[in-house]
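Going down the list, the protein sequences come from chains A, B and C. If you count by our numbering, then the first sequence holds residues 9 to 487, one letter each, in order. If you count by our numbering, then the second sequence holds residues 284 to 587, one letter each, in order. If you count by our numbering, then the third sequence holds residues 271 to 463, one letter each, in order.
Worth flagging that the hints you see were computed from the coordinates, not collected in a lab. In this text, a Cβ means the ideal position worked out from N, Cα and C, and glycines have one as well. One or more of the hints may lead you astray.
[Stated by the list, open to error] Pairwise CB distance ranges, derived in the manner of DEER restraints:
| hint | chain 1 | residue 1 | chain 2 | residue 2 | range |
| --- | --- | --- | --- | --- | --- |
| 1 | A | Q80 | B | K579 | 53 to 59 Å |
| 2 | A | F119 | B | A484 | 31 to 37 Å |
| 3 | B | I568 | A | V178 | 35 to 41 Å |
| 4 | A | K475 | C | F313 | 53 to 59 Å |
| 5 | B | R583 | A | S355 | 22 to 28 Å |
| 6 | A | V359 | B | E341 | 37 to 43 Å |
| 7 | C | F313 | B | A498 | 52 to 58 Å |
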Amino acid sequence: MSGPSTYEPKTGIEKWLDTRLPIIRFGADLMDFPTPKNLNYWWTFGGILAVCLVIQIVTGIVLAMHYVANTQMAFASVERIMRDVDFGWLIRNIHANGASMFFLAVYVHMFRGMYYGSYKNPREVIWILGVVIYFLMMATAFMGYVLPWGQMSFHGSAVITNLIGAIPLVGEPVKTYLMGGPAIGDATLNRFFSLHYLLPFVIAGIVVLHIWALHVPGNNNPTGVSVKDVKKDTVPFHPYYTVKDGFAIIVFLILFALFVFYFPNALGHADNSIEANPLQTPAHIVPEWYLLPFYAILRAITFDVGPIPAKLLGVIAMFGAILILFVLPWLDTSKVRSMRYRPFARSIFVVFVFAAIGLGFCGANDPDKLVFKTQADQLALTYNNTNGQPQREVFDDYAAASAKMRSLPPTAGAAIEVQSTGFKWLWLSQILGAYYFLYFLVLLPLLGVIEKPKARPASIADSVRKKHSPAPAAAVAAE
Amino acid sequence: MRIAKLALAGLAALAAGAIALPSLAQEHGAPAAGGEAEHAASGGEHHLLEPKGGWPHEDYFGTFDQNQLQRGFKVYSEVCSACHGMKLLSFRNLGEQGGPFFDARYPNPNDNPVVKQIAATFVNQIPTVDPDSGDMVKMPAKTSDRILGPYANDVAARVLNGGALPPDLSIITKARHGGAGYVYSLLLGYNAPPAGLTVAAGQHYNAYFGGDTAASWVGDPRLKPPGGFLAMAWPLENANVTFDDGIPTTKEQMAHDVAVFLAWAGDPKAVARKQMGAAVIPFLILLSLLVFLSYKALWRNVEH
Amino acid sequence: MSEHGSKTAPAAGVHAGETRRDFIHIAAATVAAGGVAAVAWPFIQQLAPAADTRALSSAEVDVSKVPLGSEIRVLIGGQPFFIRHRTPAEIASAKAGDTAQLRDPATDDSRLVKGMDGNLNPAILVTSGTCTHLGCVPVGPAQGSVGEFGGWYCPCHGSHYDTSGRIRKGPAPKNLAIPKYEYSSPSMIKISL
Numbered sequence: 009m010s011g012p013s014t015y016e017p018k019t020g021i022e023k024w025l026d027t028r029l030p031i032i033r034f035g036a037d038l039m040d041f042p043t044p045k046n047l048n049y050w051w052t053f054g055g056i057l058a059v060c061l062v063i064q065i066v067t068g069i070v071l072a073m074h075y076v077a078n079t080q081m082a083f084a085s086v087e088r089i090m091r092d093v094d095f096g097w098l099i100r101n102i103h104a105n106g107a108s109m110f111f112l113a114v115y116v117h118m119f120r121g122m123y124y125g126s127y128k129n130p131r132e133v134i135w136i137l138g139v140v141i142y143f144l145m146m147a148t149a150f151m152g153y154v155l156p157w158g159q160m161s162f163h164g165s166a167v168i169t170n171l172i173g174a175i176p177l178v179g180e181p182v183k184t185y186l187m188g189g190p191a192i193g194d195a196t197l198n199r200f201f202s203l204h205y206l207l208p209f210v211i212a213g214i215v216v217l218h219i220w221a222l223h224v225p226g227n228n229n230p231t232g233v234s235v236k237d238v239k240k241d242t243v244p245f246h247p248y249y250t251v252k253d254g255f256a257i258i259v260f261l262i263l264f265a266l267f268v269f270y271f272p273n274a275l276g277h278a279d280n281s282i283e284a285n286p287l288q289t290p291a292h293i294v295p296e297w298y299l300l301p302f303y304a305i306l307r308a309i310t311f312d313v314g315p316i317p318a319k320l321l322g323v324i325a326m327f328g329a330i331l332i333l334f335v336l337p338w339l340d341t342s343k344v345r346s347m348r349y350r351p352f353a354r355s356i357f358v359v360f361v362f363a364a365i366g367l368g369f370c371g372a373n374d375p376d377k378l379v380f381k382t383q384a385d386q387l388a389l390t391y392n393n394t395n396g397q398p399q400r401e402v403f404d405d406y407a408a409a410s411a412k413m414r415s416l417p418p419t420a421g422a423a424i425e426v427q428s429t430g431f432k433w434l435w436l437s438q439i440l441g442a443y444y445f446l447y448f449l450v451l452l453p454l455l456g457v458i459e460k461p462k463a464r465p466a467s468i469a470d471s472v473r474k475k476h477s478p479a480p481a482a483a484v485a486a487e
Numbered sequence: 284m285r286i287a288k289l290a291l292a293g294l295a296a297l298a299a300g301a302i303a304l305p306s307l308a309q310e311h312g313a314p315a316a317g318g319e320a321e322h323a324a325s326g327g328e329h330h331l332l333e334p335k336g337g338w339p340h341e342d343y344f345g346t347f348d349q350n351q352l353q354r355g356f357k358v359y360s361e362v363c364s365a366c367h368g369m370k371l372l373s374f375r376n377l378g379e380q381g382g383p384f385f386d387a388r389y390p391n392p393n394d395n396p397v398v399k400q401i402a403a404t405f406v407n408q409i410p411t412v413d414p415d416s417g418d419m420v421k422m423p424a425k426t427s428d429r430i431l432g433p434y435a436n437d438v439a440a441r442v443l444n445g446g447a448l449p450p451d452l453s454i455i456t457k458a459r460h461g462g463a464g465y466v467y468s469l470l471l472g473y474n475a476p477p478a479g480l481t482v483a484a485g486q487h488y489n490a491y492f493g494g495d496t497a498a499s500w501v502g503d504p505r506l507k508p509p510g511g512f513l514a515m516a517w518p519l520e521n522a523n524v525t526f527d528d529g530i531p532t533t534k535e536q537m538a539h540d541v542a543v544f545l546a547w548a549g550d551p552k553a554v555a556r557k558q559m560g561a562a563v564i565p566f567l568i569l570l571s572l573l574v575f576l577s578y579k580a581l582w583r584n585v586e587h
Numbered sequence: 271m272s273e274h275g276s277k278t279a280p281a282a283g284v285h286a287g288e289t290r291r292d293f294i295h296i297a298a299a300t301v302a303a304g305g306v307a308a309v310a311w312p313f314i315q316q317l318a319p320a321a322d323t324r325a326l327s328s329a330e331v332d333v334s335k336v337p338l339g340s341e342i343r344v345l346i347g348g349q350p351f352f353i354r355h356r357t358p359a360e361i362a363s364a365k366a367g368d369t370a371q372l373r374d375p376a377t378d379d380s381r382l383v384k385g386m387d388g389n390l391n392p393a394i395l396v397t398s399g400t401c402t403h404l405g406c407v408p409v410g411p412a413q414g415s416v417g418e419f420g421g422w423y424c425p426c427h428g429s430h431y432d433t434s435g436r437i438r439k440g441p442a443p444k445n446l447a448i449p450k451y452e453y454s455s456p457s458m459i460k461i462s463l
C-alpha cells in the first residue's frame with residue numbers, strides 16, 4: 009500500500025535536503041511502512057537474506073584482496089588466506105559457509121511464498137524478481153565454487169559446461185565462449201572471478217526492485233487476507249519489525265556461527281581440498297548441496313524421447329525445473345491465497361517440500377546405487393551360449409556359480425558379478441522429479457478449481473482478535 | 284506464533300543435524316550416509332582405526348599437544364619427506380602459535396632458532412638461482428621457504444615412483460574422508476593380502492585405501508576385501524624414529540603422532556577458530572536474549 | 271504469550287513500564303553495537319601485512335662478499351638497501367665530515383653498528399637506498415657516479431650524499447636512513463625492516 013509520505017522534515021538541514029534529494033524522506037517512509045501486525049517468523053527471512061547478501065559481499069571483497077585468479081596460484085592463494093592472512097581463515101569460512109546459509113534462507117523464503125500465496129495477484133512481479141534473484145544466486149555460487157580450483161571446482165564446472173554443450177545449435181559456441189577455450193582453464197577462471205565479483209551487485213540491484221515492488225501492494229500475511237484498515241491491521245515497520253527481524257537474524261547467526269567455528273567443512277567436500285588435476289576425475293562428482301535437487305532431476309532422465317537424446321532431455325528438465333517457477337503465479341488457479349485455508353493443497357505442498365529435500369539426497373548419491381536392498385546380494389553369471397546369445401544366471405552360492413562357470417567353454421566369455429537387488433536412487437529421483445513437475449503443472453491448477461477452502465477471516469484484525477479471544481461469534485462466511 | 288517459532292527452531296536444528304551429522308560421522312570414520320554399497324566402492328569400508336584416547340583435537344574444545352606435534356614432525360621429516368612435500372607450509376609456520384616449535388620468546392617465528400635450524404638442516408633443499416653463476420643450485424632452506432619435497436616437479440616425481448605421484452601432505456587430512464583417522468588407519472592398514480587377492484608388482488594392498496579390489500580378487504565377489512592398492516610401500520616398516528621426549532617408538536606411536544601433526548598442518552588455525560567460537564556463540568545467545576526481551580516489550584501493547 | 275485484552279495500562283504504571291522498556295532497548299542496542307564493533311576488527315586487521323610478508327621483512331647479507339670501494343644492493347620487502355665496503359680514504363673523508371656544517375647533523379660513528387666483538391667496523395656502512403627527498407634510488411660507486419662528496423648522487427633532483435650517507439648538497443632534507451641491523455657473525459649481518 010504505497011500511499012502518500014507522512015514524513016515531516018523538522019530541522020533546517022532536513023528541509024534543505026528534502027527539497028534537493030529526499031533521501032531522509034525515503035528512509036523514513038521505509039521505516040514507517042505499514043506492515044500487517046500478524047506476520048509470523050517465516051516473514052523474517054527477507055531481512056535475513058538481506059544480511060546474508062551484505063555478509064557475502066563484504067567478505068568477498070576482502071577475500072578478493074588476497075585471492076589470485078590463476079590456475080597455478082589459485083589453490084595456494086586460498087591456503088595462504090587460511091594460514092598467513094590475519095583472520096583470513098575466519099573470513100574465508102564465513103564466505104564459504106555464508107553461501108550455504110544464503111541458500112538455506114532463500115529456500116525457506118521461497119517455501120514461505122509458495123505456502124502463503126505471496127506470488128499471487130497482485131504480487132506476481134515480486135515473485136518473478138525473486139526467481140531472477142534465485143537464478144543469479146545459483147550462477148554466482150556455481151562460479152564461486154570454481155575459484156578455489158580444487159578437484160570438485162574443476163570437474164564440477166567441466167560437467168556443467170559440458171551440459172551446456174548438449175543444447176542443439178547454440179550449445180557448442182556458447183560453451184566455448186563460456187570457457188574461453190577448449191576446456192576449463194585460465195581463461196575460464198579469470199572470467200568466472202570477474203563475473204562472480206559482478207553478479208552480487210546485480211543481485212543487490214534486483215533486490216532493490218524486489219523491495220520496491222513489495223512496497224506497492226504491501227506485505228502479504230499468514231491469513232492471505234488483504235489489509236482493510238491501516239490503523240487496525242498494521243503497525244509501522246520500525247520499530248516493530250526491525251526489532252523482530254533483528255532477533256531472527258541473531259538466531260540465524262547462531263546457526264551460522266556453529267558452522268563457521270565448529271563444522272566449517274561439513275557442507276563441503278573433501279575432494280575440493282585436493283588441487284585440481286584435469287587428468288584425474290574424482291570418484292563421485294557432486295555440486296554443493298543447494299544445487300543437488302536440480303542435479304538429481306538432470307540425472308533422472310536416462311531415456312530418449314523420440315529424436316531428443318536423454319542428455320539433452322536432462323538439461324531441459326533441469327532448466328525447466330527452475331524456469332517453471334517463473335510461471336507459478338499463473339499455474340495456481342486458486343482464488344484463496346494462504347494454504348492455511350486450503351487443507352488439501354497444504355498436504356500436497358508438504359509432500360512437495362519433502363520431495364524437494366528428497367531430490368537433494370538423490371543428487372548426492374550415485375543413481376545406480378541402491379537406496380535400500382530388498383534382499384541379500386546375489387551372484388550373476390554372464391556368458392554367451394552356443395548360439396552366441398548373452399545369458400544371465402543368478403546364483404546364491406558362489407561354489408555353484410563357479411562350478412557352472414568352469415563347465416563353460418572359454419569361448420563363452422563367462423564372468424561372475426555381484427547382483428544387488430533393491431530400490432535404486434535413480435528410481436527415487438524419477439518419482440520425486442515427476443512429483444515436482446506434477447505439483448506445478450497438474451496439482452496446483454486442478455486444486456484451485458476443485459478444492460473447497462476453509463472460511464477465511466474477514467480481516468487481519470479480526471483473525472488476531474479471534475486468536476486471543478475465541479468468542480463464539482458467528483464465523484464470517486467464506487468470501 | 285509460538286508454535287511457528289518452535290517449528291522454525293526445530294526445522295533449523297533438523298536441517299543442521301541432517302546436513303552436519305553424516306559428514307561429521309565421516310570425519311570420525313563411521314560409514315557415510317550414502318548406502319554402504321557406494322562407500323565400499325570408494326574404499327575403506329569398515330570403521331577406521333582409532334588410537335587409544337581417540338582424536339581429542341577434533342573435539343569442540345580440542346587442542347594439540349606440542350610434544351606430539353614435535354614427534355609427528357620428526358616422523359614426517361625422517362620418513363615421509365623422502366617422497367612427500369608440504370609445499371603450502373613454510374618452515375616458519377612450525378614456529379607460530381599453536382605449532383610444534385612455538386616459543387613465546389620469539390613471537391616472529393622467523394627468528395626462532397629451532398625453526399631456523401630445522402630449515403637449514405632439512406633434507407630437501409630449495410632450488411635457487413646461484414648469484415655467482417646464474418645456474419639453479421640447491422641451497423639450505425631459510426625459515427621463510429616452503430617445505431618442499433625431493434622432486435624438481437611432478438613429472439620427476441612420477442618417473443621416480445613408477446608413475447604414481449606422492450601427494451603433497453599440506454592439507455591431506457582435509458582432503459580425505461576421516462582426516463587424521465584415515466592417515467592413521469592407512470599407515471597401519473598394510474595387512475597381508477588375503478588368499479585369492481593378486482597384488483600387481485609395484486603395488487601394495489591396504490585395507491583402508493580407496494579403490495576396488497574386485498578385479499584382482501578370485502572368489503565370491505560379494506566377499507571381496509575392503510580397501511585398494513597403492514604404489515606406496517609400508518613407510519613405517521623399517522622406520523625407527525627416536526623421539527626426543529623418550530616416548531617409546533612403536534609403529535602405532537609413529538602413525539599416531541604423524542597423523543596428529545598432519546591434522547595440525549592441515550588446519551593450523553583450528554584451535555584459534557574454536558576458541559573464537561566459544562566467545563562468539565555465547566555472545567550471540569546473550570544478544571538474542573536481550574533483543575528478544577526488547578521485542579517482547581515493544582509488542583506488549585499490540586494485539587498480534 | 272497470549273494477550274488477553276491487555277490493551278489498557280494504568281496511567282501510573284505506564285511511566286514505570288516505559289522506563290523499563292527503554293532500558294531493555296538501550297541494553298540490546300548497546301550490546302548489538304559492541305558486537306558490530308567486534309566483527310569490524312578482523313576485517314580491518316586482515317589489511318595488515320600477512321605472516322608471509324612479515325617473514326620476508328628481514329634478510330641476511332654476507333658482508334665479506336662486498337668488493338672494496340664498492341657496494342652491494344639488496345631489496346627487502348621491496349625496499350632497497352646499500353651495503354658499502356669503504357676504502358680507508360672514504361672512511362677518513364667520513365670522519366672529516368663530522369665537523370662540517372651538516373643539514374642533518376650526525377657523526378659517522380653514530381651511523382655504524384657494533385660487531386659481535388663490541389667494536390665498530392667502519393669499513394662496512396649499511397644505509398637505506400631511498401633518497402630522503404622524494405624516494406628515488408641514488409647512484410653509487412657501482413654506477414660510476416658518487417657525487418661531489420664521494421658517497422652517492424641522486425640523479426632525480428641532484429642530492430649529494432657523502433661517504434657516510436649524510437646529505438651535503440641538494441634538496442634532500444635528511445641523511446640516508448640507517449636500518450635496523452646486527453652482526454650475527456663477523457661476516458654476516460641481518461637487516462630488518
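Verification of the supplied hints:
1. Q80/A x K579/B: 53 to 59 Å: 56 Å, holds
2. F119/A x A484/B: 31 to 37 Å: With a Cβ separation near 58 Å, F119/A and A484/B fall outside 31 to 37 Å, so the hint is violated.
3. I568/B x V178/A: 35 to 41 Å: 53 Å, violated
4. K475/A x F313/C: 53 to 59 Å: 44 Å, violated
5. R583/B x S355/A: 22 to 28 Å: 36 Å, violated
6. V359/A x E341/B: 37 to 43 Å: Holds, since V359/A and E341/B (Cβ atoms, about 38 Å apart) stay within the stated range.
7. F313/C x A498/B: 52 to 58 Å: 53 Å, holds
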